[in-house]
Amino acid sequence: MRPPSRIARAGRLLAVVATLSTVWLGLLPYWARQPRMQAALQTHTDRQINASATYYTENPAALTALHDLQQLQREQPGLLWGW
Amino acid sequence: MSVEQPVTPRRPSLWSEMRSTEDWWAIWIGGIMLAIIVASVVYFPVPEGKPPVSALAPYLAKPGKWTSNPVQSIVGKGAITAAAFQRGAAGIAGVGVLLGLLLGLGQAGLGRAVVKFLVGFLAVFLLALLTYLLSEQAIIKYYSLEYPLWGLAVGLLVNFTIGQPAVMKPALLTEFYIKTGLVLLGVEVLLPNLIALGIPGICVSWVVTPIVLITTYIFGQKVLKMESPALNMVISADMSVCGVSAAIATGAACRAKKEEISLAITLSLVFTALMMVVQPAIIRMVGMHEVVAGAWLGGTIDSTGAVAAAGTLVGKAAEQTAILVKMIQNVLIGVVAFGVATYWVSSVERRTAGQRPDPWEIWYRFPKFVLGFVGVSILFSVCSGWSAAGKVMVEATMAISKDLRSWLFCLAFVCIGLDVDFAEVRRNLRGGKPLVLYVCGQMLNLGLSLAMAWLMFGVVFRADSDKLMQKAYPPESAATSPQEAAAPMPGAKP
Numbered sequence: 001m002r003p004p005s006r007i008a009r010a011g012r013l014l015a016v017v018a019t020l021s022t023v024w025l026g027l028l029p030y031w032a033r034q035p036r037m038q039a040a041l042q043t044h045t046d047r048q049i050n051a052s053a054t055y056y057t058e059n060p061a062a063l064t065a066l067h068d069l070q071q072l073q074r075e076q077p078g079l080l081w082g083w
Numbered sequence: 001m002s003v004e005q006p007v008t009p010r011r012p013s014l015w016s017e018m019r020s021t022e023d024w025w026a027i028w029i030g031g032i033m034l035a036i037i038v039a040s041v042v043y044f045p046v047p048e049g050k051p052p053v054s055a056l057a058p059y060l061a062k063p064g065k066w067t068s069n070p071v072q073s074i075v076g077k078g079a080i081t082a083a084a085f086q087r088g089a090a091g092i093a094g095v096g097v098l099l100g101l102l103l104g105l106g107q108a109g110l111g112r113a114v115v116k117f118l119v120g121f122l123a124v125f126l127l128a129l130l131t132y133l134l135s136e137q138a139i140i141k142y143y144s145l146e147y148p149l150w151g152l153a154v155g156l157l158v159n160f161t162i163g164q165p166a167v168m169k170p171a172l173l174t175e176f177y178i179k180t181g182l183v184l185l186g187v188e189v190l191l192p193n194l195i196a197l198g199i200p201g202i203c204v205s206w207v208v209t210p211i212v213l214i215t216t217y218i219f220g221q222k223v224l225k226m227e228s229p230a231l232n233m234v235i236s237a238d239m240s241v242c243g244v245s246a247a248i249a250t251g252a253a254c255r256a257k258k259e260e261i262s263l264a265i266t267l268s269l270v271f272t273a274l275m276m277v278v279q280p281a282i283i284r285m286v287g288m289h290e291v292v293a294g295a296w297l298g299g300t301i302d303s304t305g306a307v308a309a310a311g312t313l314v315g316k317a318a319e320q321t322a323i324l325v326k327m328i329q330n331v332l333i334g335v336v337a338f339g340v341a342t343y344w345v346s347s348v349e350r351r352t353a354g355q356r357p358d359p360w361e362i363w364y365r366f367p368k369f370v371l372g373f374v375g376v377s378i379l380f381s382v383c384s385g386w387s388a389a390g391k392v393m394v395e396a397t398m399a400i401s402k403d404l405r406s407w408l409f410c411l412a413f414v415c416i417g418l419d420v421d422f423a424e425v426r427r428n429l430r431g432g433k434p435l436v437l438y439v440c441g442q443m444l445n446l447g448l449s450l451a452m453a454w455l456m457f458g459v460v461f462r463a464d465s466d467k468l469m470q471k472a473y474p475p476e477s478a479a480t481s482p483q484e485a486a487a488p489m490p491g492a493k494p
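Chains A and B supply the protein sequences, listed in that same order.
Residue 83 is where the first sequence ends in the working numbering, and the numbering goes up by one at each step.
Residue 494 is where the second sequence ends in the working numbering, and the numbering goes up by one at each step.
Only chain A is shown next, with the shape it has when bound in the complex (with noise of 0.2 Å):
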């Protein structure tokens, strides 16, 4: 099979780029200013969830969960830790 011309090759990255284009400055953005979808972004931005976290360092609603955990503990001694 021949590989495809060099013309063809760039046709096919300027059809990627057209669409890509389109999905993440158009659809993205236009369904991102819809009111449940705003309403729902910013419920995460009020709560410091980072929700494509690939690590827990990476979401700051952990740290505060962990800061509020630790200061509940030092607050009831023996909390998940007394049968």
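FYI, nobody ran anything at the bench for these hints, they're computed from the structure.
Certain hints may be false.
What the hints assert, rightly or not - Capping the alpha-carbon separation at 20 Å, the derived lysine to any residue pairs in SDA-like fashion look like this: (1) Lys77(B) with Leu133(B); (2) Lys391(B) with Thr64(A); (3) Lys65(B) with Gln34(A); (4) Lys402(B) with Leu63(A); (5) Lys62(B) with Glu58(A); (6) Lys169(B) with Asn159(B).
Unchecked claim - Derived DEER-like restraints, expressed as beta-carbon distance ranges: (7) Ser346(B) with Thr19(A): 47 to 57 Å; (8) Gly11(A) with Gly287(B): 49 to 59 Å; (9) Val97(B) with Leu63(A): 25 to 35 Å.
Idealized CB from N, CA, C, for every residue including glycine.
Once you have looked at the hints, place chain B on chain A.
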């Protein structure tokens, strides 16, 4: 009559191994990066920084979240101005320069062409930047579609359209980027966090997770008869422990092929997107106790970020419990990676080699970067627990090292997409066994995690669970009931 003695292969000395293998160079480069960051934190802190940061922080950054204009990703929070753009771009360029120089040093140490590497690295780095721009869009982030998926997609798109550019070839070092990134990840694996949730946390994370991991692996080997034990292990680990990061760590520990790691991660992200919507809906339908629900979500949804997102759909107490259970699982990957590496060299590779290896052989085959990963984890865990100053130093180091680690993993996934072997992908998908393995393992995980979460948080530690609820919904803010605290589902009618 002479008896032939078995020939023992001549092994390089430890010193020569330390200078000539990728595993050791990953440790050296990770170590140098951490030494630079720690020195900058100790000697050049930003005085007013709260939490304290190093003066290096503005020069080592990654793109942030954006909604409508991708330039916001470079600029960060605040107005888009030329000065803000320059500052953001300097942070990204700084990462490129630091990684390029240190990884180039590694290439020189391994006897490879440095200039060719640097040229290729620049191109791969730009693709990693594009990956971040795609993955940091608000909607993409909301649905937990993490950057590894987009790294793969960007690499594949280049591969499909213009083909793998020859100039990038010297920089397609998937394993090297992953190993160096794992050494940096050690900073974030703080062992005291393993007991943060007390006995119930230990039971949900320490007991259920290994049972599911081992049972799923045995099921894959004995029942499904998976052709690749490494693929079986990576799927079992990413499903039972914590998704992408577990797949990367165990995949590197058992020397899985890059196609196997990417297949496991794709499966995990697809099911994560499904489970983060379905599970909260079931929980709300049956009216499960929030803390029990949080422990169930944290123990079963693979992706770390998705666990928090799913928790918000149930309520604040569920969100916090889910996050903490997943955090313990995150820290477990240090133990899991070490265990998998030891099991692999002493048992799985023995079966393929046909003879029992002696302890020296096990040491010789052991993936040494795992020692760097575990060593860094122990060192920073001790520093963090030693004193308040140590804790501050670890947090300030982590603030920079986590971004560098993310860049390295992002580079690795772009390389996988650019260098993927489609015949290998087809071989792995044959018979749909990976999908069956994932679904069966996840069913076991869902059942066992729910039973343990209910037993621990709902029965044995019920009073403590109620205290966690009171903390999440204090009486003075009675307006915030659990129903009000739960975020609306984006598609649901108000």
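Each hint, compared with the structure:
1. Lys77(B) with Leu133(B): holds (15 Å)
2. Lys391(B) with Thr64(A): holds (16 Å)
3. Lys65(B) with Gln34(A): holds (18 Å)
4. Lys402(B) with Leu63(A): Holds, at about 14 Å.
5. Lys62(B) with Glu58(A): holds (12 Å)
6. Lys169(B) with Asn159(B): holds (12 Å)
7. Ser346(B) with Thr19(A): 47 to 57 Å: Because 49 Å falls inside the window, the suggested range holds.
8. Gly11(A) with Gly287(B): 49 to 59 Å: holds (56 Å)
9. Val97(B) with Leu63(A): 25 to 35 Å: Holds, since Val97(B) and Leu63(A) (Cβ atoms, about 29 Å apart) stay within the stated range.
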